[in-house]
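Q: If you want the building blocks of each chain, they are given just below.
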Amino acid sequence: MNMEENENQEIAITVKDLKIVYRSLKTYSLKKSLLRLKKVEKQTFEAVKGVSFEVPKGQILGITGKNGSGKSTMLRALAGVFAPDAGYIDLHGNSVSLLAIGVGFNKALTGRENIMLSGMLLGFTEEFVRSKIDEIIEFSGVGKFIDMPVSTYSSGMFSKLAFSITAILETDIMLIDEVLSVGDVKFKKKSYQKMKSLISNKDRTVVIVSHSLSTLSELCDTILWMHEGEIKEIGEPKVVLEHYKEFMK
Amino acid sequence: MKRFISDIQDNFKYLIYSAKSELKAEVANSYLNWIWWVLQPLCFMLIYTFMFSVVFNAREDYFPIFIFIGITMWDFFNKNITQSVKMIKRNKPIVTKVYVPKFILTISKMFVNGFKMAINFGIIVAMMIVFKVPVSINLLYLIPLMVTLWVITFGCMCIVMHFGVFIEDLSNVITIVFKMLFYMTGVFYDIHKRIGKSYPELANFMGNYNPMAYLVSSVRKCLIYTGEPDLKFLVMWFAIGIILSVIGVKIIYKYENGYAKVV
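Protein sequences appear in the order of chains G and B.
The first sequence begins at 1 in full-length UniProt numbering and counts up one residue at a time.
The second sequence begins at 1 in full-length UniProt numbering and counts up one residue at a time.
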């Protein structure tokens with residue numbers, strides 16, 4: 001890690017000894033808990049086991065690793081959806097959003113209303129979303145369907161609209177779970193370009209979780225390789241990805 | 001406490017907007033759309049009035065209004081609580097993707113049901129005019145009574161929502177408890193008159209120590225019988241409501257970040 005070199009650089013994300021534990025993955029029913037009053041068995045599963053790292057402002061961090069290595073869990077913890085069970089996450093006052101598709105959509109309402117709903121849920125003010133709404137509609141390319149109920153949309157249109165909302169409403173830190181590939185070839189190209197311009201913005205810090213090695217090596221400044229809840233390696237994309245490829249063979 | 005207020009302020013616009021959109025979505029595809037909000041309770045009132053005045057020979061002054069007040073308030077309480085059991089699960093896409101203080105979801109739900117209750121109170125006023133019900137200054141007691149209803153409902157909702165996340169079959173329990181509570185609340189009869197005749201102490205107990213029974217009978221008293229509610233119990237229930245709400249909000253703050261792991 002080149003922490004000393006970056007000392008004069010502003011840090012956007014600090015994660016220290018982060019641990020996330022899933023307690024008994026199933027919810028329990030009354031009958032079960034009444035019958036076994038004496039001994040409540042606690043199944044725990046440690047998804048993230050004491051991970052520490054820092055991301056300087058403006059950097060793009062890629063996280064990779066095999067399925068179930070705790071990548072998405074950590075991303076959600078960064079988004080504030082999970083509380084860490086030990087350790088802490090410090091975002092240094094930056095706004096953060098998990099690039100999630102269709103948050104808070106109500107399918108009986110029109111696309112326009114859903115943009116407002118989703119935008120406000122992501123923590124933006126009503127005025128701000130309103131000022132961006134034309135840009136979102138324009139980008140999504142759903143055209144006149146915007147004033148029709150979302151339930152009438154084709155699945156491609158749905159994801160295009162949902163992607164546009166999160167892509168246009170920007171935050172300081174963006175968390176991306178699997179680089180989104182939605183819509184037809186044309187929209188895919190457009191959204192990839194948009195993503196690129198979004199994340200290449202100097203002030204924006206980005207964390208991407210992906211399995212696509214080509215995307216990661218193209219976009220990221222640093223790669224974090226997670227293995228069973230721990231950091232296996234962190235550093236230059238070329239080096240880490242090479243090791244990762246070797247390992248997965 | 002500070003956090004609670006600032007969270008409400010931050011999310012207030014979203015809260016209103018989501019309540020509005022839920023109402024809109026509810027009627028978006030039906031023919032009579034919002035008229036259902038009026039029609040449904042009106043029909044229930046007619047059914048109950050027929051059943052209890054003709055079949056069971058119950059007699060109260062202004063019986064239709066008497067029943068309508070009961071149904072309106074009971075519906076508000078009942079719907080809010082039963083809907084909060086699965087609140088987190090129903091909102092899974094939101095809960096697992098963004099952080100929202102979870103009581104925002106309950107308050108939004110309360111606005112949805114509160115709006116319907118307001119419509120019904122509009123109907124009550126209209127019926128009072130039609131029936132030429134005499135009114136007095138005691139009408140103003142409606143305000144503290146409604147505030148108490150909201151506070152108690154909010155507290156219960158938060159607590160029920162929390163346990164609903166972890167206990168799968170809570171909704172079955174709630175259904176049974178609420179069925180019982182429904183009959184004990186005196187939605188279609190007067191507890192003090194009916195039970196009080198043979199068991200005055202039991203009636204006192206049932207009428208005052210069940211918040212819904214107390215609130216429903218007090219609203220009737222001040223709205224259509226120009227009486228005033230028992231202030232001692234009003235203060236008591238308001239205090240209990242506040243305590244429940246504080247406990248509920250505290251629980252939610254403590255555990256809400258774990259919800260996403262379970263659903």
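Derived by calculation from the structure, the hints in this document are not laboratory data.
Be aware that one or more of the hints could be misleading.
Listed next, the in silico EDC-like pairs over lysine to aspartate or glutamate satisfying Cα-Cα at most 20 Å (straight line) [said to hold, decoys possible]:
1) B:LYS250 - G:ASP177
2) B:LYS13 - G:GLU126
3) B:LYS86 - B:GLU201
4) G:LYS202 - G:GLU230
5) B:LYS92 - G:ASP147
6) B:LYS24 - G:GLU126
7) B:LYS20 - G:ASP17
8) G:LYS107 - B:GLU26
9) B:LYS13 - G:GLU218
10) B:LYS193 - B:GLU168
11) G:LYS49 - G:ASP17
12) B:LYS20 - G:GLU233
13) B:LYS254 - G:ASP85
14) B:LYS232 - B:GLU201
15) G:LYS66 - G:ASP90
16) G:LYS107 - G:ASP147
17) B:LYS20 - G:GLU126
18) G:LYS107 - B:GLU22
19) G:LYS132 - G:ASP172
20) G:LYS249 - G:GLU233
21) B:LYS24 - G:ASP147
22) G:LYS196 - G:GLU228
23) G:LYS57 - G:GLU218
Q: Hints numbered earlier in the text: which of these fail when held up against the supplied structure?
A: 1, 3, 4, 5, 7, 9, 10, 12, 15, 22
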